Structure formats: C-alpha cells, structure tokens
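Colleague: We have chain B; now place chain E onto it with these hints.
Protein chains: 2
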Amino acid sequence: MHKVLHELKVDLGDRSYPITIGQGLLGVIDLTPWVAGQQVMIVTNNTVGPLYLEKARASFPGKTVDVVVLPDGEKYKDWQTLNLIFDALLENRHTRKTTLVALGGGVVGDMAGFAAASYQRGVPFIQIPTTLLSQVDSSVGGKTGINHPLGKNMVGAFHQPQAVLIDTDSLQTLPAREVSAGLAEVIKYGLIRDDAFLLWLEAEMDKLVGLQPEALAEAIFRSCQCKADVVALDEREGGIRAILNLGHTFGHAIETFAGYGSWLHGEAVGTGMMMAADLSVREGFISSADFRRTAALIKRAGLPAFAPASMKEADFLNLMAVDKKNVDGQLRLVLLRALGDAFVTDEAKPEHLRQTLGAFLPEAG
Amino acid sequence: MHKVLHELKVDLGDRSYPITIGQGLLGVIDLTPWVAGQQVMIVTNNTVGPLYLEKARASFPGKTVDVVVLPDGEKYKDWQTLNLIFDALLENRHTRKTTLVALGGGVVGDMAGFAAASYQRGVPFIQIPTTLLSQVDSSVGGKTGINHPLGKNMVGAFHQPQAVLIDTDSLQTLPAREVSAGLAEVIKYGLIRDDAFLLWLEAEMDKLVGLQPEALAEAIFRSCQCKADVVALDEREGGIRAILNLGHTFGHAIETFAGYGSWLHGEAVGTGMMMAADLSVREGFISSADFRRTAALIKRAGLPAFAPASMKEADFLNLMAVDKKNVDGQLRLVLLRALGDAFVTDEAKPEHLRQTLGAFLPEAG
Numbered sequence: 001m002h003k004v005l006h007e008l009k010v011d012l013g014d015r016s017y018p019i020t021i022g023q024g025l026l027g028v029i030d031l032t033p034w035v036a037g038q039q040v041m042i043v044t045n046n047t048v049g050p051l052y053l054e055k056a057r058a059s060f061p062g063k064t065v066d067v068v069v070l071p072d073g074e075k076y077k078d079w080q081t082l083n084l085i086f087d088a089l090l091e092n093r094h095t096r097k098t099t100l101v102a103l104g105g106g107v108v109g110d111m112a113g114f115a116a117a118s119y120q121r122g123v124p125f126i127q128i129p130t131t132l133l134s135q136v137d138s139s140v141g142g143k144t145g146i147n148h149p150l151g152k153n154m155v156g157a158f159h160q161p162q163a164v165l166i167d168t169d170s171l172q173t174l175p176a177r178e179v180s181a182g183l184a185e186v187i188k189y190g191l192i193r194d195d196a197f198l199l200w201l202e203a204e205m206d207k208l209v210g211l212q213p214e215a216l217a218e219a220i221f222r223s224c225q226c227k228a229d230v231v232a233l234d235e236r237e238g239g240i241r242a243i244l245n246l247g248h249t250f251g252h253a254i255e256t257f258a259g260y261g262s263w264l265h266g267e268a269v270g271t272g273m274m275m276a277a278d279l280s281v282r283e284g285f286i287s288s289a290d291f292r293r294t295a296a297l298i299k300r301a302g303l304p305a306f307a308p309a310s311m312k313e314a315d316f317l318n319l320m321a322v323d324k325k326n327v328d329g330q331l332r333l334v335l336l337r338a339l340g341d342a343f344v345t346d347e348a349k350p351e352h353l354r355q356t357l358g359a360f361l362p363e364a365g
Numbered sequence: 001m002h003k004v005l006h007e008l009k010v011d012l013g014d015r016s017y018p019i020t021i022g023q024g025l026l027g028v029i030d031l032t033p034w035v036a037g038q039q040v041m042i043v044t045n046n047t048v049g050p051l052y053l054e055k056a057r058a059s060f061p062g063k064t065v066d067v068v069v070l071p072d073g074e075k076y077k078d079w080q081t082l083n084l085i086f087d088a089l090l091e092n093r094h095t096r097k098t099t100l101v102a103l104g105g106g107v108v109g110d111m112a113g114f115a116a117a118s119y120q121r122g123v124p125f126i127q128i129p130t131t132l133l134s135q136v137d138s139s140v141g142g143k144t145g146i147n148h149p150l151g152k153n154m155v156g157a158f159h160q161p162q163a164v165l166i167d168t169d170s171l172q173t174l175p176a177r178e179v180s181a182g183l184a185e186v187i188k189y190g191l192i193r194d195d196a197f198l199l200w201l202e203a204e205m206d207k208l209v210g211l212q213p214e215a216l217a218e219a220i221f222r223s224c225q226c227k228a229d230v231v232a233l234d235e236r237e238g239g240i241r242a243i244l245n246l247g248h249t250f251g252h253a254i255e256t257f258a259g260y261g262s263w264l265h266g267e268a269v270g271t272g273m274m275m276a277a278d279l280s281v282r283e284g285f286i287s288s289a290d291f292r293r294t295a296a297l298i299k300r301a302g303l304p305a306f307a308p309a310s311m312k313e314a315d316f317l318n319l320m321a322v323d324k325k326n327v328d329g330q331l332r333l334v335l336l337r338a339l340g341d342a343f344v345t346d347e348a349k350p351e352h353l354r355q356t357l358g359a360f361l362p363e364a365g
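In order, the protein sequence lines correspond to chains B and E. For the first sequence, the working numbering begins at 1 and goes up steadily by one. For the second sequence, the working numbering begins at 1 and goes up steadily by one.
So that you can see chain B by itself, here it is in the shape it has in the complex (with noise of 0.2 Å):
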C-alpha cells in the first residue's frame, strides 16, 4: 500500500521541481520522467544502502543504474569521499546527459548534488531524503556541498534537483537522536516564519516524536512549503533567506568545536536556537515567557540545552567570526522579533552576546 499526502512545487522559474511526500512511495512512484539521459548513478551510504537500494533501484524501470556506496557520517563529508562518486561516475563511463540520485541523509544529499553540479560542469539529479532533517531542510533550497577541515560547507555549489521524493516510512528505522535533530529545523520554521505552525507543534509534538506517520508528513509538508517560501523569494540568499539560518551561527561554532559528526547538525541547531531566543530576550525583542516557550518546545523534542562540555566563550568568539553568515567582518546574527517573525541583524550589542554565551556554556547547567 501506498499513500501520496501531499505534493508541492518549489517554483524557480524554469528550475521549479515537485517535492512528492507520502507513505510506501519508494519503488512504487515511477522517477524516470525525471531522467533526461539513460544513465542513472544512485549515490548513497553504507547504512542507507542496505535497507532501501533495492527500492531505489525499482524507481528507474527500464535504466541502467550504477550505484556508489559512501562512508557514512559527517565527518566523510569531504573531498576524498566526493572524488569516490567522481571515480565511479567515470569508470562506469557516465556521459554529461547523467542523473545521479541522492538516497541518504543530509550528508549523501550535500555530496551527492555537488558532483551533480561540479561533474562535467553540471548534470541532473534527483534527490530522495531518508532522515527528517534532510527532508525537511536539504529537500529545498538547492544547497550542495561539502566541509572544509576550517568550516563547515565552504566548498559546494547552488544546484537545483529535478524531483523530490520523500517516504515517511524511511523514518521508521530512524534514530531517536536523528529524529531529534530534524525536528529542531521543523521548529525553526515555525519560529521565524509561521506562529499558527508554533502552536501546532506545540499540539502535535508528542505524536511527532512517536513517528506517527500522518503528523510527520503535515510537519514535513509545511516545512518545506515554509523553506519554498523564503528560497523563492531569494534564491541565491543576498536577503530574507539569511533568516533560515536562525541558530546556525552558534549552531556551526558548536559543531566546528565538537568535531564534525559528534554533534549532529539538528542537535547544534537546537541549542543554536536555545541561545538566539535568549539574546532575542536580552536585545529587547520577545519576553521572557516567549523564550521559556521556545526552550521548552525545543526540549520536548529530545534536544541539548547547552554547549558541548569544556567549550568556552572565547571559542565561540573565534568559530563564529569564520561562519559564512559574517559579510566583511561584521557579525551578522538571526535574531526573534517575535516568535514566528525572524529577522537579521549585525547590531546585537555584545556584551549581550556575551551574557547569551555565559548562560548556555556547559558549567552554566
């Protein structure tokens, strides 16, 4: 049995794509419309792999399918692994008219769509999320690439998928913890964008964190309608896309100290948003009770409440000032003007920030 509960398109243009979210899609739901050439090269990882190749591999009836097989993990997301799906590609002789298919988390998504756009200068790809984070985050906004040893996703590419597919059944076998991490970005789009979404999760979050199959695609659904929103309004992010980034910049310095992969992107996140919502409060903007609600949410939803142990004020100081978000040297930071309305500002005074910092450092708990 399978069930399509929603479907929406991601409009850029002549670049728009359809994102397809239901339930027992994979294998069942045809891909080839997506599929330009003959050739299809399937990148996932070794987790992934096994429990849902074979039905990846039904999707391209009738093509000739080549797969690659990745290390899993943050931590491989890095060149020598990009050049595995690289070396694969040109072994198997795949010409320009290509379409490589992402089957993974956020990571073989990242890699998967920057060879996708760096391979022969550019070929097609469709992506098939399988974690709630990259369904929620990587299946819009057409961001690909991989890390640097001195930052996160400095060398990648904007790359647009043909098609989305996303089975909730994929998430069944997901990892409490991995389950966590994705919904610390579905509360962020209820955060910056959508307060009527705030309250729902707020109803549903219990349901959310059981993996009931309805509620999680009504979350994923209205998260990446919410993303589509934002990205089409700015699609290269020179303006409002920068609020999608609320909790990033203390998320990454977390991430970036913790050593790639011991935090997982959505647990950083979290805590990132913890500590947005607090310099928010401290700035004047949203009221105490707001934050109390936001930590409180963010919580429910199995997330960290402080930074990695033995992390110190002046780590953060140093990480955040490489983070991308930073344009010639000011500290740009995304900030609550209410819950549901973020916005950007290089204006937090930093003795806030540093209050902000003091109160969520590991011996602040």
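Bear in mind the hints are in silico, worked out from the structure with no lab data behind them. Source: prediction; values computed, not measured. Any given hint could be a false lead.
You can't tell identical chains apart in this list, so a pair holds if it fits in one copy or across any two.
What the hints assert, rightly or not - Derived lysine-lysine pairs resembling DSS-like cross-links, with alpha carbons at most 30 Å apart:
| # | residue 1 | residue 2 |
| --- | --- | --- |
| 1 | K349 | K9 |
| 2 | K349 | K63 |
| 3 | K97 | K55 |
| 4 | K55 | K349 |
| 5 | K312 | K97 |
Modeller: Relative to the frame of chain B, chain E by itself:
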C-alpha cells in the same frame, strides 16, 4: 606608457563583462571597480608570480590583497592544488564578499575560477590571463574546472568573471612553445567560423610568431570576439558552442595518453585540428587543397603534426570514448563543412575515422 588597443563586451545579460586588451596595462588599469568587497585573493603560480605579482597588486589600490602561489603545470590541476586556494581563503578569513583574481595561464584560470564558483557556493572573480592560449580561450566562456585521473576537465562549473584584463606585454616572456600552443586556438576561430580571419592569419602568421604587439592584440581581439559571439548564442553548451571543440576530441585523447602536461593543450589541439580536417576530407566535405592549407598554417605556427610516439589506434578509440563531448555513447566530432564553417556530427564513418587515426600515428611520419 600604456595603450588600450581593443575593448569588447561579452554579452550574457546580467552576467555580461568587459575584456580590455592592450600593452602595459597591468598595474596601471585600476581593477577595483570590479571588486565588491574589501578582500582580494590573487591566485598565481611560481612561474608567473615572480614576474607579474607586484604589478597585479598595484591594480587593486586600497584593497586587502592576499596571495596564493600554486605550483606551475597542468599536472597540478587537481583537487590537492585546488585545496591550496581554499586553505588560503579560510586561513585569511575571506568572507563570501571576497574577490578572486586569476593571474596566470589556463590552469590558474581554471582553478581560480572553479575555486570562485565553489567557495562558499560562489564568489566573484577577475581574470588576468598571461599566456596567449588563456587570453584567447579562457577569457570567454565561463568554463572552470580541474582534471581527474580518468579525464580532463571532468569536474568544474560554469562561472563568469566580472572582468578580464589582457596585457600583451606578458607574452614577451612566454616560451615559443606556448606561443605556438596559443596560436592553435587562434587558428581554430578562423577555421570554425571566419574565413576572412583565416586569410588574415595566413598573411600575418610570421608577425604573430615574432610577437609583434599590434598583430597579437588584433589576433586576441578577433579570437575573443569570435568566441564571445558563439558563447552568447549558447552559454551552457547545448548546441552551436560545440564547434569550439574542433580538434579537441582528438586532442584530449593525445593529452591523456601523453600524460597531462607533457603535451601542451594547444599542441594537442593543433594536431587534433589537422586530424579533424583530414577526416573532413575523407567524409567528402572539404578538398585536399583545403586540408593542405589548414595543415600548412598549423605547421607555420610551430605545432606538431603527429600523435605522440607509441600511441596506437586503440589508445585513441579508448580515450575518445570517455571524452565529455559524447552523448549517451555516440562519438560526436566537430568537422569542417568548409574552411570557416564547422559543424557537429555523430555520423562520421568508423572506417574513415580509423584511416584518419592511421594517418597521424607516429609511425606514419
């Protein structure tokens, strides 16, 4: 004394940019109007850097100028060397408003351009090509990228510069072999689209080989104009732009066989164009006299007339099959319908192709 001899605009809508050609321009022309932020990263190599780096710095008054010096040579057009650029950008905390500057030949341009295309998912760059080949080839088209052990330019991006500055003074120190390699591409423009330019080249070839500045500037201008006309018709290389690959499918096979860097790109293209002209005779498009005119001009430019020692027919056939000009397995070649009129075909007869390969294998000499 400096003298602007030619200016042209590459017309690509909101990605249009100017090319300025003349003598004594480097360090005199102010390039800061094309720098949006405060930071500049000059990418050069250890041959060009000692000759022109200080002049190049002087073209960016008032900006913070950092430099990364790469090892010189096609064999360094790889991931490892590309990463030196990212290392320098991150170590010097360059933001997404930095501007990269390519100071050098085609390898530096391709790598600095790809670094600009992918650093933080894309930053602006300026080209200062210092070899004849890069002045007439890389200045127009937006192609950037690196090599893979299994094929040239297999990983890259389309990324247009903000501006191109061509100073013919930089050709006075260029080795004769590299002048010849550049003349191969100059001749190409005459062959594919401009029989009047071909006549001009037959008249002026001795001046070009003798490095007369006005003749060089004229040849560069007409070459860039020809390429700009073709690229403006077909920016992403779906159609007519493929004629720019005259001689390149044969040439890439030669370069790959010889090992990157042992034959210059232009040398391989020179031999490749003779092979394309030869095949065009066998296919019944041009006369033997046309072939002899073509071959004579290419030889006068100082280019090799045979494939590398020990290269076999099978080497060509294997290496041409992975060339990126192939679509879904069909061997596509650029041939001449007449001198000054190239076209793309996948219908060359296999026996004619083998005769052409045989005529240019080293033992044929």
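Colleague: So, for every hint listed, does it hold in this structure?
Modeller: Structure-based check of each hint:
no.: 1; hint: K349 x K9; result: neither (40 Å within a copy, 46 Å between copies)
no.: 2; hint: K349 x K63; result: between (57 Å within a copy, 28 Å between copies)
no.: 3; hint: K97 x K55; result: within (23 Å within a copy, 44 Å between copies)
no.: 4; hint: K55 x K349; result: neither (53 Å within a copy, 42 Å between copies)
no.: 5; hint: K312 x K97; result: between (50 Å within a copy, 29 Å between copies)
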